[in-house]
Amino acid sequence: MKFLIVGAIGLVIALVVISQSIFVVDSTEVAVVTRLGQFKASHTDPGLKFKTPFVESIRKFDNRLQRFDIPPANFITLDKKNLVIDAYARYKITDPLLFLQNLFDLNAAGPKVGDIVNSELKKEIARDFQSDIISETRQEVMARVLSASRLIADTSGEGGTSLGIEIIDVRIKRADFPLSIAESVFARMNAERSRVANQERAEGERTKLRVESDADRRVTEILSEANRESLEIRGLAEGRAIEIFAAALERDPEFFRFLRSLEAYQVFLDSGDTLVLDANAPLFQFLASSTATAPAAGQ
Amino acid sequence: MQRPGGSGEEWERLLRQGKDRFSNWSSHVGNALKGTLLFGGILILLLLWLATGLYTVDPDEQALVRRFGEVTDVAGPGLHWHPPAPIAKHDIVKVTQVQRMEVGFRGQPSGVVSTNPVEALMITGDENIVDVEMVVLYRISSIRDFVLNVYDPGELDRGIGDRPDGRTLKDVAEVSLRAVIGGRIIDDVLTSERGIIEQEVKDGMVELLSLYEAGILVEQVQLQTVRAPNQVQAAFDDVVSAKEDKERLDNEAQAYAADIVPRAEGNAERVLNEAYAFKAQRVNEAQGRAAEFLAILEEYAKAPDVTRERLYLEAMERTLPDVRKFIIDGESGNSPLQFLPLAGFQGEGSGQ
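Taken in order, these protein sequences are the chains called V and G. In terms of our numbering, the first sequence opens at residue 1 and continues consecutively. In terms of our numbering, the second sequence opens at residue 1001 and continues consecutively.
Rather than coming from a laboratory, the hints here were simulated on the basis of the structure. Treat the hints with caution; some may be incorrect.
Unchecked claim - Calculated cross-link-like contacts (lysine-lysine; reagent style DSS-like; alpha-carbon spacing at most 27 Å): (1) K49/V / K1089/G; (2) K60/V / K1089/G; (3) K92/V / K1170/G.
If we strip away everything but chain G, and leave its shape as in the complex, we get:
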């Protein structure tokens, strides 16, 4: 064994051999591993791709599923799967919830309401300007129509899925409201015809939305503020207060009448009662005195002369005591001169 030299060669050979073997083995193993990894990777990508077809629909929603552009399904609430893009796709829309659109104003979450004059001011049939604000309550009645028929069906600012936000509903509301208000005089708009206006606006909206096949159902139209514009508000308020004044004057007059007429009726009753009282008194007195006279007469007739004399004397007895009396001799003459001295007595008498 030539250890130093030979061993070196030997080692070298052994080493080379080992290297070759290893690289042989490793390329073998490596090829197998590479294939597995590639396959596994593709499988995972495939699974991930398939998983993108999973979607959930909330209880208040529906999903419209299209495969290669054709509608295949309207899915209700729950977990669903459809073949992933680009084969199929879905749109989820809230359908059961009644939604609210404000026309003429914008309510903030803080409760502050700001008027939107461009929307709110409109002309009435008698060419006055009126400020009308309303709320439209609506919901999606057909997800198919809503998604497929109109480019921009819903309310602006609403953010419906990945679709462009719509103006159609607002346009329809404005057209209907303005047409209805334009057909009425301002007094009717402000006071008596609110209910009719709400109904007509709703009918108009329903008609237009069905013409457009927008898939939106208007549940209710509620007029909110309906008033004269700020520039003329004071004058309109004055009319209201004038109406109040009219009412007040009317009430005052009624109160006056209600006060004096019953009193007058009472007075009339009193006057009549007094008259009846007088009548009773007068008649009774007359009857009494007649009866008295007749009674006296009856007795008098029994002994006229004596009674007459007695009555006369009794009367004189009652009459004469208080009277100043002069008794003169009738036969000495009737000349008034005889009475001259009486003046003095008379003066004394009246002086008493």
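Okay, chain V solo, but in the shape it has when bound:
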């Protein structure tokens, strides 16, 4: 009985001593060992570690990349315009002792990092135009804020030392217009769109007028060209006809005049006309007597 009780007590004491003298540092952690408040050692590599029981205590910190969200706030740009900027910072512990001395724990570290970045961000935003921050210089602003914040984090510890953290990254997540001017932005967008719409329609009309009048012009050109050619052809045809006639008629113009006259008489005298004829005309020379001498024909 006594043996059992002694054994149990011994085991408990042993467990307490063991738990007081060994501890685990995880891959995601760093640890600081202090003896009665005095710094003893820091552990940045993982594994099973030993310490003197009872008189030494440990503090562990998460060694992974930490986030601090800088709450969205109004920033004034160089051209005195408002911009709502939502940014974040990423940092991690590099020196657990300095971290413990300067910032104590992560709950305090986040806001401290936020303050540093926020004030640098204010300075940088105030140096740029609103439009530049929105489009072109965002990356540069972030890079400058990052390097300035890093410098501060490296030197603002006690006695000009580092805070024990490294600021890995600062990013502007959003750069928006304040809600109060959103309506006027929409009004401007509407006006701009209606300008584009009007322009599109007017350009459409322009194209239509140009294409249609061009077609009309081509129609007129084609038809007048054809008419000109037609007239030329007809003129040449007439000329050719005259030439052909003339060549033939040259052979006996007088006979042609005679023949053509006979044809013409037939055409222009019709039943409605009245013709007064001389009884002495050669046509009637046989009307009175069949022996009259023939006159010269056609005279």
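Chain V is fixed; fit chain G onto it per the hints.
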């Protein structure tokens, strides 16, 4: 034998003896039993404790095993054992599965999609506001980096193991998307440059995630809805319809031109053909008549006087029958007065 008295004492003694013997025996047995039970209990507790080190990894998962805080193993699918807590521990993460993160909207399992304006509305380079929603497809490329390097790597609301749900991926997506959209004018964002934007957002995310060593690989960025905000949607739609109008007017004009120009060309052909027809007719007629004349002339030349007389008389024969004729004696004078009575005949003649 003094039975009554003696027997009583005797009994008493016997009883006491028996009691002592029993208690002796039972304490003996009891001690042995107690020891066995204690030992057995401790053994069972030990076994149970050891059994807590058993774990299974599904085919789409990997497990990161740490012993005393140091990474010792990355275990693939199957049943595994590691020394139980507090000596070792493991984290199981889905690594092969391509996961999906929604930015700017939240799709419900019912299929209803709700826009998240805070995420979706952003400024373009020409200071317009645009509504962009996108989906990021990603997977865990390194379980070691994913678990060890970043405090909150994954998407919010995802519930990864016993780890705090992360904002890192969403932050990275928003930063990249807004930087890319901020560098472009709204027309490019809405229309032509979707593919380029997707690529640039992906590149930006890959760069940031590798800076953070987050162990996340972005497979693809897909832009979903990209549109003007509701407040200006009507005006943007009107621009689209204006573009349609422009197209329509253009087509109408082309149709008009396509209609009248070929017709005009046809008409021109007709005019020309008519002219050629006229030419042929005219020339042929001239040639025919010339030939006719020459033929007549040839015959006429053989007997001019007679032929002339005959032609004249034949012509008169054809001409005169229908004509009202007055034959007067030319020798009685040429005074026009002689023709006065003709007026009456003429009137009659025209009255016919």
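Hints not upheld, ascending by number
The structure breaks none of the hints.
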